[in-house]
Amino acid sequence: MAFPNGIEALDKAFSGIGVDEKSVINIVAKSNDEHKRSLRTGCPKLFTEDDNGFERSDQSYIKNLQHQFNRFRDAVVLSLLHPWERDARLLEEAIKKGPKHYNVIVEIACTRSSDQLLGARKAYHSLFDISIEEHLASHIQATERKLLVALVSAYRYEGPIVKEDVVKSEAQILYDALENADKSNPLGHEDAVMILATRSKPHLQALYQHYSKTYGKTLTQDLEEGILKDTIECLCTPEAYFTRVLEAAVEQDADEESKAALSRVIVTQREVLRKEGYVADKIQDSLSGLYKELMLGLIASGDIKVDDS
Amino acid sequence: MATLTVPSAVPSVSEDCEQLRKAFAGWGTNENLIIDILGHRNAEQRNLIRKTYGETYGEDLLKALNKELTSDFERLVVLWTLDPAERDAHLANEATKRWTSSNQVLVEIACTRSANQLLHARQAYHARFKKSLEEDVAHHTTGDFRKLLLPLVSAYRYEGDEVNMSLAKTEAKLLHEKISDKAYSDDDVVRVFGTRSKAQINATLNHYKNEYGNDIIEDLEADPKDDFLALLRSTVKCLVYPEKYFEEVLRSAINKRGTDEGALTRVVSTRAEFDLKIIADEYQRRNSVPLTRAIVKDTHGDYEKMLLVLAGHEEA
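Note that the protein sequences, when read in sequence, are chains E and Z. Residue numbering for the first sequence follows the numbering used here, beginning at 28 and increasing consecutively. Residue numbering for the second sequence follows the numbering used here, beginning at 1053 and increasing consecutively.
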């Protein structure tokens, strides 16, 4: 079989929807040293001439490619899993990875419906032979434990009924917790944690509105970044939360955790994001290759069209 | 094992409804008929009867029972007629409204039911009361009680038999330390009892006894006046040996001067279709008298009859 032009073939294999793995394998397996050298010299993006007489790989670009493949693969896997298993696995991973990932726990516990969260708890039993609350409680020592365990254990009422007088009194309690009580440790304020962990979302959203009207600022305005802020946002203003997370993910100097959020948010929130409409532009500008195609495809109005040509 | 008996040839639902309607008709009520029918139907059958009765006569069967019956008998029949999930939701809701002595009922429901039974109760709670069980518990309890009760009612425990023995060791030691320091409502104590699977807790308590010589219950008896300690003891019993727990509740309810009908009604109506037989056996073992005989001695009338039917007592 004639050896195809390496660069063109690789380019083709790497771009477009779907990795043409066969081509890549073919090229790599069949190239001899001469071929590989010409491949390297013909690909300035990936390789530059080193003073010591060899084509040195551009590490950041290579890493970038690697990440693209990993993220692509991760996003594909996430999309294919049953939502319950998906959420259970995301939770387990977040617990294992530690404090910088606790926002994922908050995100799942607070943005899923009561039955979806319940499903994730059931899947957790099946997958890990332990309950989520048990696992979480034994891994997290700090003040965050109470809030996080309570959030994953909630089975919130989902009806529209909201009691105005309770909304008012609880807005007051939250105000005290955030403004007056031990400000350095709002999570230690038991009543505040109880309210956030047990009340229905309509109730909390009404509370959020009332708070803004009464105290002239939002619940989260003065809060530092952290799980308390995430909790309130996820429960009361989920669109704002997801916007924030997505924007952080596509920033130039985003860290790994922020970038990982992109797949997770787009895969799990695609219905919501489709309606929003602005996300596509951000992805267009900041991503590349297969990964970009997949992300755009997920939030486009139709399903991804597989290129048969 | 259940004590409920259902006849092998069950009348049709419409027959049952007709008979019940007849039982209510006219001056006075035919209580025997009510006992005969409802006392011998399982949850599925009772639900169907309620549904059909409502469709046929335009009246909720429970409302009719409420109207026609009185006192302890009424409460027993109404509670019994509800299906287990609704019954638990009803009892839990009642408990959140009363005093701290009702915290025990919350512990009982949260800890003796299986994970799925507790879940169904939470779902029934949404449907019936338009709010979540945990929000009511959070709102109506305070301090250490709330700290313990909230995780208990929110738990969805793993139900496998797998046990981590080294973890059991670590946690037994932890519990022993906290108890020795009288830190009964410590975060870790609550965490162990609020989240671990029943099998794991059992292993931990076995290790506790092996290592420290005492049953953990004994070490939790330091202050007989401490309500929280009492609740913690109930929690432990409900989680690892519920039949003994229920036997104690019954013994206390029946032998007291003046029967505690509330507790008696609650235990019989909630356990008749699950494990009342085992509880009754435990009662006999502990008191040298069959449960049914104790019931006969301490109660009377229709209330007594219904209790006996639910307890599987054959008519003489």
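In case anyone wonders, no lab produced these hints; they're calculated from the structure. Since the structure is predicted, the reported quantities are computational estimates derived from the model, not experimental observations. Careful: at least some of the hints might be erroneous.
[What the hints assert, rightly or not] Footprint (simulated), chain E over chain Z, 3 or more residues, beta carbon under 8 angstroms:
(1) 1179-1186
(2) 1192-1204
(3) 1207-1215
(4) 1237-1248
Built from N, CA and C at the ideal position, the CB exists for glycine as well.
Results for each hint:
no.: 1; hint: 1179-1186; verdict: holds (count 5)
no.: 2; hint: 1192-1204; verdict: holds (count 4)
no.: 3; hint: 1207-1215; verdict: holds (count 7)
no.: 4; hint: 1237-1248; verdict: holds (count 5)
The structure fails none of the hints (numbered hints given earlier).
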